[in-house]
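Peer 1: Sequential numbering from 1365 applies to the sequence shown in our numbering.
Just so you know, the hints here were simulated from the structure itself, not pulled from any lab data.
Please read all numbers here as calculations on a predicted model, not as lab measurements.
Wrong hints could be hidden among the right ones.
Here are the simulated distance ranges between beta carbons [unchecked claim]:
#	residue 1	residue 2	range
1	Lys1407	Glu1567	40 to 46 angstroms
2	Glu1395	Glu1503	31 to 37 angstroms
3	Tyr1399	Lys1586	37 to 43 angstroms
4	Glu1435	Lys1497	14 to 20 angstroms
5	Pro1469	Leu1540	36 to 42 angstroms
6	Arg1461	Gly1515	33 to 39 angstroms
7	Asn1499	Asp1408	20 to 26 angstroms
8	Pro1469	Asn1396	39 to 45 angstroms
With a straight-line cut-off of 27 angstroms between C-alpha atoms, the simulated DSS-like cross-links for lysine-lysine are [unchecked claim]:
#	residue 1	residue 2
9	Lys1497	Lys1480
10	Lys1558	Lys1490
11	Lys1388	Lys1418
12	Lys1465	Lys1448
13	Lys1520	Lys1552
14	Lys1520	Lys1585
15	Lys1514	Lys1388
16	Lys1552	Lys1562
17	Lys1579	Lys1566
18	Lys1585	Lys1571
19	Lys1465	Lys1544
20	Lys1448	Lys1514
21	Lys1544	Lys1505
22	Lys1562	Lys1480
23	Lys1418	Lys1544
24	Lys1571	Lys1490
25	Lys1484	Lys1544
26	Lys1520	Lys1393
27	Lys1566	Lys1586
28	Lys1502	Lys1480
29	Lys1465	Lys1505
30	Lys1520	Lys1404
31	Lys1544	Lys1490
32	Lys1388	Lys1446
33	Lys1484	Lys1404
34	Lys1502	Lys1538
For every residue, glycine included, the Cβ atom is placed at its ideal position computed from N, Cα and C.
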Amino acid sequence: MKILFILLFTTLSVQASPYPELSKSEVSKLENGEYILVTKSVKDRPWPVVIFYKLIEASSLESVAVFYALEHQSNYIPNLLKSKVVGQRVATEADVRYELKMPWPLSNGDYIHGHKLSYKKQESYKVNWWLVKSNTAKEVKGSAIFSNYKGNTLLKYESLVVPQSFLASFVEGKMLEDVKSSLVAIRKEILRIKNDDKSMMKELADKIHQTLNGKFIYFPKKNN
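Hey, can you work out the whole structure from these sequences and the hints?
Peer 2: Here it is as structure tokens:
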């Protein structure tokens, strides 16, 4: 009976993670402040799918509120020069035009990504994004899931980028470092706003609720 209890307890402990694909040791690493990075090769694609897990010491609402402050992204993400919402079909979707600084001698990246915000369950939020148009990529798709985990956020970030042919030879490691540096910056900004700018955090969190309730945040005239 004791052995059965131990096995049951162990199983429940592993399942406590919102992502069953993570092992118990991986969850422990996340709890200790480490990150988990997984890459998966895709047939006929020069760059792999990147999956990144990280624990953020903020609620899932606080985390998604900062992440989905789309026009604020250029204030803290490395090399991102502009982020401007240029269209909304429905309240929970937004097209954002970005300008990204590229290494010499390349011209800056100029692209538009579509975004969709959704609420899953048990204080879990998801943001999907996809390519609308770009001068640097043929295909982009990704998602970020902000799941409640012991009062904090367990982030799962997944992205696939298929670059234009002139970028395909770029070192894969550089792409991975760019993803990592962006996510480090996102976590840092979430914690900064949570700890140092509570009024801004409240405003951003309110916008998440309003968006999910069908209110257009970036084009308020559409609410009429």
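Peer 1: Can you list which hints this structure breaks, lowest number first?
Peer 2: 5, 14, 20 and 32
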